[in-house]
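Participant: Protein chains in written order, with the working numbering: chain A, 536 to 776; chain B, 53 to 408; chain C, 14 to 317.
Keep in mind the hints are simulated off the structure, nothing from the lab.
Note that the structure is a prediction, hence the values are computed from the model and not measured.
Even glycine gets a Cβ: it sits at the ideal position worked out from N, Cα and C.
Among the hints, a few may not be true.
[What the hints assert, rightly or not] Derived Cβ-Cβ restraints for the label pairs, each shown as a range:
hint, chain 1, residue 1, chain 2, residue 2, range
1, A, N758, B, K137, 24 to 34 Å
2, A, S659, B, E67, 22 to 32 Å
3, A, R676, B, G75, 24 to 34 Å
4, A, G553, C, Q258, 40 to 50 Å
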Amino acid sequence: MHAIADAFVLAVKMIFTGNPEVYSITARTLEISISSTVIGALLFVPLGCLIYFNNFRGKRLLICIIQTCYSLPTVFVGLLVFLVFSRAGPLGIFGIMFTPQVMVIGQVVLIGPIVTGLTISALSGVSPAIRETAISLGASRLQSVWAVLKEARFAVLTAIMVGFGRAISEVGLALMVGGNIRGYTRVLTTAISLETGKGEVALSLALGFILVALALIVTVLANRFLKVKEADVAQSRAPTS
Amino acid sequence: MLKVERLHHSYGKAEILKNIDLGVERGEVFVTIGPTGSGKTTLLRLLGLLERPTSGHIYFDGHLVNNSERQRLEIRRRLAMVSQKPAVFNASVFDNVAYGLKIRKENGASLRHKVMNALETVGLSGYEGRDARTLSGGETQRVALARAMVIEPELLLLDEPTANLDPVSTSHIEKLVTEIIKKSDMTVLMSTHDMFQGQRLAHRMGVLIGGEILQTGDPREIFSLPQSRKIAEFVGVENMLGGVIASNTEGIVDIKLDGAVVEAISNLRVGEQVYACVRPEEITLARTKESTSARNTFNGEITRIVLFGPLARVELDCGFLLVALITKRSAEEMNLQIGNRIYASFKATGVHVIKG
Amino acid sequence: MKKILMLLLTLAMLLSLVSVLPACNEETITPSPTLSPTTTDVPPLKPVGRLTVATTTSLYDTGLWGYLEPMFEQKYGVNLNIISVGSGKAFQYGKTGDVDVLTVHEPKAEQDFLAGNYSSARVPFAYNYFVIVGPPSDPAGIKDMAPVDAFKKLITMGNVTGSQVKFVSRGDGSGTHAAEQRLWAAAGYQYADVEKSGSWYIEAGAGMGPTLVMANEKQAYTLSDMGTFISYKTKLNLTALVNQQNETLRNVYCVMVVNSTKNKTMANNLVTFLTSPEIQDLMGKYGVAEYGTQLFTPCAGQNL
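Next up, chain A with everything else stripped away, as it sits in the complex (with noise of 0.2 Å):
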């Protein structure tokens, strides 16, 4: 008990200190891991609303596939990222290896089945009548699937936030195609797996805090926006007449 409060205040001291060095890994974190969830929700979710929308041979199939993926170790990615972008390996002449950039494209593979099933899930608790409620009015298909995303945004949101939970505190990944390289490619997970094997407790723990403490701010501003567009919605409707 005594190193979790030791940690915490570690944790605060290192934030408010201003250690250069914490900020620097954290801003990493943030950058890689909002990029891949960015990335991964424009691609991931329009798939979703794809598969979801259309029937063809094996559709059920591949929504099996997509939900087994949600536990596909991150190692396992990590090691099939490698082999890709290695320069052995089919897209060698890149180059990225060990970099930031094959980081996001790695998390962008491990969050996508979460952020594609998730969505289908989302779409498929809407009601069909919405869609033809839209298809009614005169929408077209593209319009029609617009209303129903809009419909289940809360579901698609938490579709993304969930990404962005896996991308963010994922190691395994994050160390086979980052190499955990001081100044360059160790994010806050490989940073407390490192220190965690050096024995550094509380540093570790102190970094986790902060890795929790990010989360919460990315999950309460992205609720925040949520609610800002329906508080706006109502006020600015008000009758001017």
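We have chain A; now place chains B and C onto it with these hints.
Facilitator: Quick look at chains B and C alone, frame taken from chain A:
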């Protein structure tokens, strides 16, 4: 503006619509009536181009609606549909009503103006900021109506718009629809299982029973001159007395029932099996015989009296069952009790003869 | 309010996307303030590309690389990316060409690497000695024995139930792991048999630092290089029991330039740097003030 030819529709093995032929003129209000499950909703969905019929043709303004998705979308943009239980988006009332305009790329001040007008027309001014999901049934229906109207469709499709509403809301909606119709030259195609509603609102009606259109015509025709027994039953002709035409003198026929004769107007021939249909409200009741001038007078025992609202439904056993509808006041004045013997009479002109 | 939040969000998105572009993400050379005590003040320089080094963990966990890194970066104006992995992995990265330079300490693997033409030279730059450490109580009683004899005793006693004798192996194909395996072989055992011989033999699959931490937790014996052991000593309750500085236990670190590197000049600069007199001198002095003893003995130019 709308024509339907030989429309068939099945869901799997179940045949929902059989051989529908229909025509709706521009600016008219056409109401399909029929019992629940008769296919009214399916018909509307097909005409709203939400689904493709198993077979048959639909024409809009003389143009055949084919399989091209683009053409179907174009046509869909010229009509609007309100379902029986409308779904509202998880958004404000304003956003719901504005939806149709937004997808037609309208925005800004003109959109606001149209939406607020529409809300005013349906009596929901001040509701624009409310979460659409918190509305009552009647309010939801009105939002759906506003949502449909605001895009100024050429054809408005209403599927049982008051089926789930209380009488007060129902009359509000009916008033609204009437106003809307008056204000614009919108064509309205509506379905209902309430024949009285159909009578109130329609220019023309179609009776849909068992997936087939059994009769079309103006409400009076359908109501008083049903062409078949099924229709008659549905439109509330409670007295259908089966018999044979015994004589026909210049259009005045005598119909022989079991132990009674009914006089009616018809040009059917002697010997034909017929039903003499009398609407309950055409029957007058009296304690004594001579206070009526009707030719058809029968003496019977009251077996049942049901009071509802300002009316009284009285069942008589005259050797055959007769159901009369009189005002509650009259029933009280005559002091009708079960077991009383009274006289029921109706004019020959009040009898509608259909082939049996 | 909504507009501001939207703006912030768009900004965040743009920022994150921009950061992903390779051209925009060359990190500046920052001073080396680490999370642990050692700091050196080096002003940031304009970045000019990077050199990737795969190093054995014992050079990293002692903090030597952390110490040398900013000096090299400042002198040559390049970003040094150090990846700390076991020697086995380092050689693998060298073969696939994902790193430019290796600093390793496994003689046989180094020879194979040369033979396979993955590198043209192995350049020794420092050495220390392996040491067998263990619990101060020394249940196996191996203090001051010859290393091979000590290993024989360990495996014998390890198999005796209730003897409290445990051994934690690196188990990660590293240079230290290879040294440990050489000792087992010298003691007359097939390594496969050692692995199977019982629960007293624990394979950590980790770097030197974490392995020492685990050995400490379990109060077990382990083979460590002197440098890492000394730098971790204050955190551990383990003693150096077999500490003979002879050839059997000598641990030579060498640097090898990977032939397929795209950065040959800079890679050779690193070799020059590590073998230069000033740096050799600094290496020799590294840790003396803090731990009271040398962690590494410089040996550039010697045939080791």
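Participant: For each hint given before, does the structure comply? Return the numbers of the non-compliant ones in rising order.
Facilitator: Violated: none.
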